[in-house]
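**Q** Chain by chain, the residues run as shown.
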Amino acid sequence: MKKIIRSGRIIDPRSGTDAIMDVFIAAGKIVGLGESPHGFHANREIDASNMIVCPGLVDLSARLREPGFEYKATLESEMAAAVAGGITSLACPPDTDPVLDEPGLVEMLKHRARSLNQAHVYPVGALTQGLKGERLTEMAELRDAGCVAFGQSNMPLPNIRVMMQAMQYASTFGFVVWLRPQDMNLADGGVAHDGEVATRLGLPPVPVCAETVALANIILMTRETGARVHLCRISSAEGVAMIRAARQQGLPITCDVSANHIHLSEMDIGFFNSNCHLIPPLRALGDRDALRAGLLDGTIDAICSDHAPVDEDHKLLPFAEAEAGATGMELLLPLALKWGAEKKAPLAQVLAKITAEPARILGVEAGYLSLGATADLCIFDPEQYWKVEATALKSQGKNTPFLGMELPGRVKYTLINGNIVHEG
Amino acid sequence: MDEMQLPNAEQLLAELTGRIRPDVETTTALVGIHTGGVWLSQRLHQDLKLSLPLGALDVSFYRDDFDQIGLHPQVKPSDIPFKVEGSHIILIDDVLYTGRTIRAAINELFDYGRPASVRLAALVDRGGRELPIVAQYVGATLDLPSDKMLALEKSDNGKLSLSLYDKRRDNE
Amino acid sequence: MNNPQLNKNGELQHLLTTEGLSAAILLNILDTAESFVGVTERDVKKVPLLRGKSIFNLFFEPSTRTRTTFEIAAKRLSADVVNLNIAVSSQSKGETLLDTVNNLSAMHADMFVVRHSQSGAAHLIARHVRPEIHVINAGDGRHAHPTQGLLDVFTIRRYKPDFRNLRVAIVGDILHSRVARSQIHALTTLGVPEVRVIAPKTLLPSKVERLGVHVYHEMEHGLKDVDVLMMLRLQSERMLSARLPSTEEYFKYYGLTQERLALAKRDAIVLHPGPMNRGVEIDSAVADGKQSVILPQVTFGIAVRMAVMSILAGN
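Residue numbers (the numbering used here), protein chains in the order written: chain A, 1 to 424; chain B, 1001 to 1172; chain C, 2001 to 2315.
Any given hint could be a false lead.
What the hints assert, rightly or not - In silico DSS-like cross-links for lysine-lysine, where the CA-CA straight-line distance does not exceed 25 Å:
(1) Lys2045(C) <-> Lys1083(B)
(2) Lys2160(C) <-> Lys1076(B)
(3) Lys387(A) <-> Lys343(A)
(4) Lys2252(C) <-> Lys1076(B)
(5) Lys2075(C) <-> Lys2046(C)
(6) Lys1076(B) <-> Lys2290(C)
(7) Lys2045(C) <-> Lys2075(C)
(8) Lys1076(B) <-> Lys2045(C)
Worth flagging that the hints you see were computed from the coordinates, not collected in a lab.
Use the sequences and the hints to build the structure in full.
**A** Here is the structure:
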């Protein structure tokens, strides 16, 4: 099936392309940009005037809740949410039940996802068996089954010797280790940033040093082992400063932030809004501002949705007992655009944070738009504001701190392998 | 209704005092109902030279319209500084109307003890009773439209006067 | 953001915390409580105000003492009281907090008095009950215990009516204390110019000064010239963590003795929310001494809870 996308503004962060032109698609590939290939006859034309055409979004953290948590969400509902958000490639963390620590489970997930013909799913394998932080998984086998990296999701690595050995082993094969820096003892029992709001509301705190102490260990171990490390969900100003310094020293570190944390702070918890119970906790306004600046100066490479759909029963609980997390895939593009507009960042840079950069971190062929590339595309109207409400979300999780807010950027079409998988 | 001539409260009080005086004994105790009744009872207590100390009731906790209008915003403490058991009490109120305030006051009084007798004195009886209650001592009887509220007021120099207002809500 | 404690007329619908309430609302509660003190001193300690109303004491965390004071208050208002110790019933069968509350609402409750180990539990319930139901927070996690905070300021006002010249010190485990938080908000709202907290650093929450208090770590400095000392109970489990070495050392440096009390003003009063750990946070000689107003606190507690219940039920 051949398609023409007419008159859209084409932005490809990787090549720097930013121009209004037509895109020609055949056999799932981009066969023409601006100029029609000889004798091209389209079966379908998409009018993209006044819209932006960019590479399909790449999300570094999307929980699909399968296997094990189908009552929160299913692969079907969340894959529909992904394309509704313009996401064409996503990495899913290993915190399923059972944990993604065996090749069979990874193959099953890849197979289930492929059968839906939607976004490309790239599992992040468990770094340790059962995410228990004790014994290593069969990383090489898991890689062969389809894992692109190895991590612990939100589970701690309590033993620094295990961390060191996991990094040594992973680096033997050139695998990237994904770690969310948090010292489990300093964070023990905490549910909110150790600051004014937690003090007022009497919520058990997570101090900033829970992040920075762990970060110091990871940085030292990166230097020690030579492993490539991707740091997940940085939350504090001090953390950003440490990463900036480490990168200046040439350490092979990349870093992401959740779309929630570049807009929200502890203040948004208000009167115990459990939709703001997130991991890591929303921190002070100064931390949020440092994350926004770190993203702009490149210390933070990518924005992810940190998609975590939670069923209503597990949110309708006292703040600390409510399950952490927010649905996010459908908000990734709007929240990135909002950040860009507020920081006056060029659109190409904003889109890089959710396309080319996360694709580079994942090490996959995605997140770019050029002749010969797979036609994974997102077409959106940057001027259209829409209201975040339960009925507007495809995800089974309706839990987000942004409920009721108006956000810019509505995805009009999502194409994967040249097929239209979402029309908004 | 501004043209309507209201009686002089000071004059009515003098008449009321005169009517109560013959019945006063050593066991007589006065209890004023907040707020106007308390002002009147203070004056009566002084003029009648009563030996038992003066009592005051705020009937807010005994009102029957709590479900409609909630708790009165400025509740004052009730204070009955004598032994109610066996005493002869005269309740003092400014305006007797539906009788519901008096019902509440009698109920409250009985939570302090069992008086030998309770009589009622009111500066003005404006009729409109909704309960079988009668005052033994009345300064004046007035016939007023039901959309008006009659209130006793006290000036800075302590002089009492009556004023008529448009009724905002249904109470005495 | 709407204050979840107020109805659309700006009246108190629920009492969840002393934070964010106007001085007028707090003073109305205190003034109403004055009238109830008179009632509790009579032979018949009961008024018919809440006749026919059903008040449910929902205690998800056991506390005989607090539950009893609410029960007495409700009964003196002629309400029907149902006590539920949910810690040992439905919660263990997997029923959620809101399931429990919905079930009880269906039994035509007029008011819930809620005690829960999690901060925010009372807010959650208030947000989800039918609009005619009132919720009183009887203690949620570390967050708030507003009736205790109010009865403490009521007690202070009885002895020190002029709040504009008061210096108040709150001593002990501020970090874990819902009582301290409720005291601080009530005192600062009512215009007390200087509220101090005195504790070792391990028992103070971060940014506590943002609550409008002055921080002291030594009793010798913190108690100087204060008018009111509010002692907090020290839970014995604090000794199990690394926050404190021993009760003995705590008493030596933070316990209230006669000698330490002498650092405060001569007519200073001493409060404690109870139950006391004698010899841990307070010496018996002080607890039973003539500057102690700990027993009056208990008496006034009933009147303050009667005031809160009758104001809420009327709004």
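**Q** Which of the numbered hints are not met once you compare them with the structure shown?
**A** 4, 6
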